[in-house]
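Q: Residues per chain are reported as follows:
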Amino acid sequence: MKKLINQPENVVEEMIEGIVLAHPEYVRKLKEFNVLVRKNSPITGKVALVSGGGSGHEPSHGGYVGKGMLDGAVAGDVFTSPTPDPIYEAIKAVDGGAGVLLIVKNYTGDIMNFEMAKEMAEMELIKVDYVVVNDDVAVENSTYTAGRRGIAGTVFVHKIAGAKAETGATLEEVKETAQKVIDNVRSMGMALTPCIVPAAGKANFTLGENEMEIGMGIHGEPGTHKDTLKTADEVTEHLVCKILEDLKLKDGEEVAVMVNGLASTPLMELYIVNKKVNEILWEKGIKVYKTLVGEFMTSLEMAGCSVSILKLDKELKTLLDATADTPAFKSL
Amino acid sequence: MSINRAKVIEIINKIADRIEENKLYLTELDAVIGDGDHGLNMSKGFHAVREKLKEDAGNNIGDILKKTGMTLVSNVGGASGPLYGTAFMKAGLEAGSKEEIDVIDFEKMLTAALDGIKMRGKAVLEDKTMVDAIEPALYALSKAIQLGLSSKEALKEAVDAAYKGVEHTKAIIARKGRASYLAERSIGHQDAGATSSALIFKTIYEEINV
Numbered sequence: 001m002k003k004l005i006n007q008p009e010n011v012v013e014e015m016i017e018g019i020v021l022a023h024p025e026y027v028r029k030l031k032e033f034n035v036l037v038r039k040n041s042p043i044t045g046k047v048a049l050v051s052g053g054g055s056g057h058e059p060s061h062g063g064y065v066g067k068g069m070l071d072g073a074v075a076g077d078v079f080t081s082p083t084p085d086p087i088y089e090a091i092k093a094v095d096g097g098a099g100v101l102l103i104v105k106n107y108t109g110d111i112m113n114f115e116m117a118k119e120m121a122e123m124e125l126i127k128v129d130y131v132v133v134n135d136d137v138a139v140e141n142s143t144y145t146a147g148r149r150g151i152a153g154t155v156f157v158h159k160i161a162g163a164k165a166e167t168g169a170t171l172e173e174v175k176e177t178a179q180k181v182i183d184n185v186r187s188m189g190m191a192l193t194p195c196i197v198p199a200a201g202k203a204n205f206t207l208g209e210n211e212m213e214i215g216m217g218i219h220g221e222p223g224t225h226k227d228t229l230k231t232a233d234e235v236t237e238h239l240v241c242k243i244l245e246d247l248k249l250k251d252g253e254e255v256a257v258m259v260n261g262l263a264s265t266p267l268m269e270l271y272i273v274n275k276k277v278n279e280i281l282w283e284k285g286i287k288v289y290k291t292l293v294g295e296f297m298t299s300l301e302m303a304g305c306s307v308s309i310l311k312l313d314k315e316l317k318t319l320l321d322a323t324a325d326t327p328a329f330k331s332l
Numbered sequence: 001m002s003i004n005r006a007k008v009i010e011i012i013n014k015i016a017d018r019i020e021e022n023k024l025y026l027t028e029l030d031a032v033i034g035d036g037d038h039g040l041n042m043s044k045g046f047h048a049v050r051e052k053l054k055e056d057a058g059n060n061i062g063d064i065l066k067k068t069g070m071t072l073v074s075n076v077g078g079a080s081g082p083l084y085g086t087a088f089m090k091a092g093l094e095a096g097s098k099e100e101i102d103v104i105d106f107e108k109m110l111t112a113a114l115d116g117i118k119m120r121g122k123a124v125l126e127d128k129t130m131v132d133a134i135e136p137a138l139y140a141l142s143k144a145i146q147l148g149l150s151s152k153e154a155l156k157e158a159v160d161a162a163y164k165g166v167e168h169t170k171a172i173i174a175r176k177g178r179a180s181y182l183a184e185r186s187i188g189h190q191d192a193g194a195t196s197s198a199l200i201f202k203t204i205y206e207e208i209n210v
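Protein chains in written order, with the UniProt record's numbering: chain F, 1 to 332; chain D, 1 to 210.
With the rest of the complex left out, here is chain F (with noise of 0.2 Å):
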């Protein structure tokens, strides 16, 4: 294992400690839990954003705290859901009265947690509800499976449902916008590498020389299959193929596109990869209102990439466009 790291036990708090320092001007750190919220938190009368889960894919979820999007983010060790008790804590070290909305990846460990922080809340008489974010099309969502995995598409419900929320919406109203959000975004991802867990110190699974694996998770779950190496522009069409056939574009419709790095792959690969998805959506008549192409949930040092299409209306399209000043979002 080759990591620029001190003790793996301490990877996840000295890495809060260090956006603190880094972004004094938009969040703080609640004592003694690895919990970042907005530096002016609570604000009074908004509904808040919580949102978090395991480390290790940074900038999510800290760096989308402020203005316009998260107003808490907790963080688990590398991969792990972070256990009731921060949720807890950034439930009430953020709620203003209007109510708290947790926005979840679809793991069955992080539901867990969430709910019984939300019940926990709920006994102190916090209003807390919660989504559940499933984009990822790799996995069949079935009664058989614990469905759909939530991947980058996320960063799209933090945008949309905190520009909701700033607008002075209800609880129920953030709700219903970001669940609007997540029936309408689909993503599918694909890795080069496998990336390492400091604590376990080893790869838990491998890619020879000439493979990828094609629907990878964002913690080096198995995929739909491996396959040998191929160009861009095929990898790329195979990732929309599978979105499109779940996402049911119509012509005329628009969308907005994130192209996201899983840590190690350059910028200028991300952008050949864009250049193709928007081809093939021009090409069905798609018209692409937003791109957005960078790292904003990536997986340890894994190399690959996902694409997220989400399908607007004239709400979200407000919304995608409203302020939002955060570490690792900036929308002016």
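Hints listed in this document are in silico derivations from the structure and should not be mistaken for laboratory results. Only a predicted model underlies this, so the values are computations on that prediction, with no experimental measurement involved. Be aware that one or more of the hints could be misleading.
What the hints assert, rightly or not - Straight line, CA to CA, 30 Å or less: simulated DSS-like cross-link-like pairs of lysine-lysine:
| # | chain 1 | residue 1 | chain 2 | residue 2 |
| --- | --- | --- | --- | --- |
| 1 | D | Lys66 | F | Lys31 |
| 2 | F | Lys92 | D | Lys44 |
| 3 | F | Lys284 | F | Lys230 |
| 4 | F | Lys275 | F | Lys287 |
| 5 | F | Lys330 | F | Lys180 |
| 6 | D | Lys52 | F | Lys92 |
| 7 | F | Lys127 | D | Lys66 |
| 8 | D | Lys164 | D | Lys202 |
| 9 | F | Lys317 | F | Lys250 |
| 10 | F | Lys317 | F | Lys330 |
| 11 | D | Lys98 | F | Lys3 |
| 12 | D | Lys52 | F | Lys29 |
| 13 | D | Lys156 | D | Lys14 |
| 14 | F | Lys29 | D | Lys44 |
| 15 | D | Lys98 | D | Lys156 |
| 16 | F | Lys127 | D | Lys122 |
| 17 | D | Lys44 | F | Lys31 |
| 18 | D | Lys122 | F | Lys92 |
| 19 | F | Lys202 | D | Lys170 |
| 20 | F | Lys3 | D | Lys156 |
| 21 | D | Lys164 | D | Lys52 |
| 22 | F | Lys2 | D | Lys44 |
| 23 | F | Lys92 | D | Lys66 |
| 24 | D | Lys23 | F | Lys2 |
| 25 | D | Lys118 | F | Lys92 |
| 26 | F | Lys242 | F | Lys230 |
| 27 | F | Lys31 | D | Lys52 |
| 28 | D | Lys44 | F | Lys202 |
| 29 | F | Lys67 | F | Lys330 |
| 30 | D | Lys23 | F | Lys202 |
| 31 | F | Lys31 | D | Lys54 |
| 32 | D | Lys122 | F | Lys180 |
| 33 | D | Lys170 | F | Lys226 |
| 34 | F | Lys127 | D | Lys118 |
Once you've looked at the hints, dock chain D against the given chain F.
A: Positioned in the frame of chain F, the structure of chain D alone reads:
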């Protein structure tokens, strides 16, 4: 069989020892079809439980188990934390202010624990989870009690049923947790959560001498 407050603490500490000894084994089982942190997280959680009980174990068996559960929830993380945490808390609620329990009490506590796990995890038998070890163990325990077996014999039946359940998880497709993403590829591998549950039963059995 009669287990007093001190014995319950002794058993929980012994469970912590066994989890620690099997930390890497459980983690390796989990790495094949899950995310490879089960042993590490469980060992972290039971270490915290040991420290907690050393400092304040509570006045009765209900208290001890509730504290154990809450400490697991706060320290384990992932899915195992809420599941084992809920199990111990529910067992503690069932035990209430008792200062001694017998095998009939244990059966009731185990029933409450299993209901808690199923409620929290929304899992049923054959999902390839800890339920596949615990539910057969409970059935075997109840049956043995009805047949008039001794407490020790009844617990032996429960342990055997739990391990049979673990073995059975190799043959079925995962429907819950991260292993479910593998679908058919999860066949042939045993579930780590079922394995740690069976290990806990085995430890309880070994610690009961009457």
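Q: Compare the structure with each hint and give your call.
A: Here's how the hints hold up against the structure:
no., hint, result
1, D:Lys66 x F:Lys31, "holds, 26 Å"
2, F:Lys92 x D:Lys44, "holds, 26 Å"
3, F:Lys284 x F:Lys230, "holds, 23 Å"
4, F:Lys275 x F:Lys287, "holds, 14 Å"
5, F:Lys330 x F:Lys180, "holds, 22 Å"
6, D:Lys52 x F:Lys92, "holds, 25 Å"
7, F:Lys127 x D:Lys66, "holds, 26 Å"
8, D:Lys164 x D:Lys202, "holds, 12 Å"
9, F:Lys317 x F:Lys250, "holds, 17 Å"
10, F:Lys317 x F:Lys330, "holds, 16 Å"
11, D:Lys98 x F:Lys3, "violated, 51 Å"
12, D:Lys52 x F:Lys29, "holds, 26 Å"
13, D:Lys156 x D:Lys14, "holds, 17 Å"
14, F:Lys29 x D:Lys44, "holds, 24 Å"
15, D:Lys98 x D:Lys156, "holds, 24 Å"
16, F:Lys127 x D:Lys122, "holds, 24 Å"
17, D:Lys44 x F:Lys31, "holds, 21 Å"
18, D:Lys122 x F:Lys92, "holds, 27 Å"
19, F:Lys202 x D:Lys170, "holds, 25 Å"
20, F:Lys3 x D:Lys156, "violated, 47 Å"
21, D:Lys164 x D:Lys52, "violated, 33 Å"
22, F:Lys2 x D:Lys44, "holds, 25 Å"
23, F:Lys92 x D:Lys66, "holds, 24 Å"
24, D:Lys23 x F:Lys2, "holds, 24 Å"
25, D:Lys118 x F:Lys92, "holds, 28 Å"
26, F:Lys242 x F:Lys230, "holds, 16 Å"
27, F:Lys31 x D:Lys52, "holds, 21 Å"
28, D:Lys44 x F:Lys202, "holds, 20 Å"
29, F:Lys67 x F:Lys330, "holds, 9 Å"
30, D:Lys23 x F:Lys202, "holds, 16 Å"
31, F:Lys31 x D:Lys54, "holds, 25 Å"
32, D:Lys122 x F:Lys180, "holds, 25 Å"
33, D:Lys170 x F:Lys226, "holds, 23 Å"
34, F:Lys127 x D:Lys118, "holds, 26 Å"
Violation of the numbered hints given earlier is confined to hints 11, 20 and 21; the remaining hints are satisfied by the structure.
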